[in-house]
Amino acid sequence: TENPEEAGHYISNSFFLPYEGSKQYRLKVNYHDTIYTATEQFLPTPLIDSVVTTPFDEDKSFQSFDIYFDDPEATQDFYELKLIHNGSEPFDDENNLLSRLTLDDYLDNGHTMVIHFPIYKPKQGDNIVFYLYSISEATFQYLEALYAQTYQASPYSPAPAQIRGNIVNETAPKNFPLGYFRINHYQ
Numbered sequence: 102t103e104n105p106e107e108a109g110h111y112i113s114n115s116f117f118l119p120y121e122g123s124k125q126y127r128l129k130v131n132y133h134d135t136i137y138t139a140t141e142q143f144l145p146t147p148l149i150d151s152v153v154t155t156p157f158d159e160d161k162s163f164q165s166f167d168i169y170f171d172d173p174e175a176t177q178d179f180y181e182l183k184l185i186h187n188g189s190e191p192f193d194d195e196n197n198l199l200s201r202l203t204l205d206d207y208l209d210n211g212h213t214m215v216i217h218f219p220i221y222k223p224k225q226g227d228n229i230v231f232y233l234y235s236i237s238e239a240t241f242q243y244l245e246a247l248y249a250q251t252y253q254a255s256p257y258s259p260a261p262a263q264i265r266g267n268i269v270n271e272t273a274p275k276n277f278p279l280g281y282f283r284i285n286h287y288q
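Sequential numbering of the sequence shown, starting at 102, is according to our numbering.
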């Protein structure tokens with residue numbers, strides 16, 4: 102069933118995946134006799150230990166929300182952090198604020214990680230929610246390419262190009278679909 106609050110997101114009341122280790126899941130869709138498949142890994146997400154707020158600039162128009170969590174040492178990990186501010190994902194062109202960011206643990210593997218998330222003029226009583234997702238390396242690369250084309254406009258930005266996700270058209274491979282299948286655990 103399509104989620105009435107988020108177009109393009111689907112909900113099943115009978116579909117719940119308890120975390121059972123890093124397990125692969127496969128999606129298969131038959132749409133008008135065309136078969137689409139994708140595979141993704143279900144990864145554990147570390148708990149957010151704390152969120153600390155501090156002024157981000159001299160005139161205090163930005164507030165830095167610093168999100169702390171412990172990165173596991175045994176694996177190379179990739180994350181996406183999503184911000185919901187007063188019920189929606191904010192994007193402010195003037196202040197170049199993003200509501201999502203991706204990162205890896207290349208420099209911080211096995212240590213406490215800190216993500217600094219500036220929010221423009223938060224007010225007392227604002228509802229601010231952060232979601233931390235563990236994502237696969239393939240998802241990380243897809244999102245990095247997508248965000249580079251979506252949010253970074255400069256003379257030195259790469260030229261827009263088609264970004265291929267992990268969904269494969271099994272019936273006609275040259276007609277690849279747009280999009281990405283992902284499965285997440287979040288904190």
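These are computed hints drawn from the structure, not numbers from a lab.
Do not rely on the hints blindly, as some may be mistaken.
[Claimed, not checked] Here are the simulated PhoX-like pairs of lysine-lysine, each with C-alpha atoms no more than 25 Å apart in a straight line: (1) K183 x K224; (2) K124 x K183; (3) K222 x K183; (4) K222 x K129.
[Claimed, not checked] Cβ-Cβ distance ranges computed for the label pairs, FRET-style: (5) V153 x E271: 47 to 57 Å; (6) S151 x V130: 34 to 44 Å; (7) K183 x Q263: 22 to 32 Å.
The structure presented is a predicted model; accordingly, all values stated were derived computationally and were not measured.
Cβ coordinates follow ideal geometry from the N, Cα and C atoms, glycine included.
Hint-by-hint comparison with the structure:
no.	hint	verdict
1	K183 x K224	holds, 19 Å
2	K124 x K183	holds, 23 Å
3	K222 x K183	holds, 18 Å
4	K222 x K129	violated, 44 Å
5	V153 x E271: 47 to 57 Å	holds, 48 Å
6	S151 x V130: 34 to 44 Å	holds, 40 Å
7	K183 x Q263: 22 to 32 Å	holds, 25 Å
Comparing the model with each numbered hint stated earlier shows that hint 4 is the single one that does not hold.
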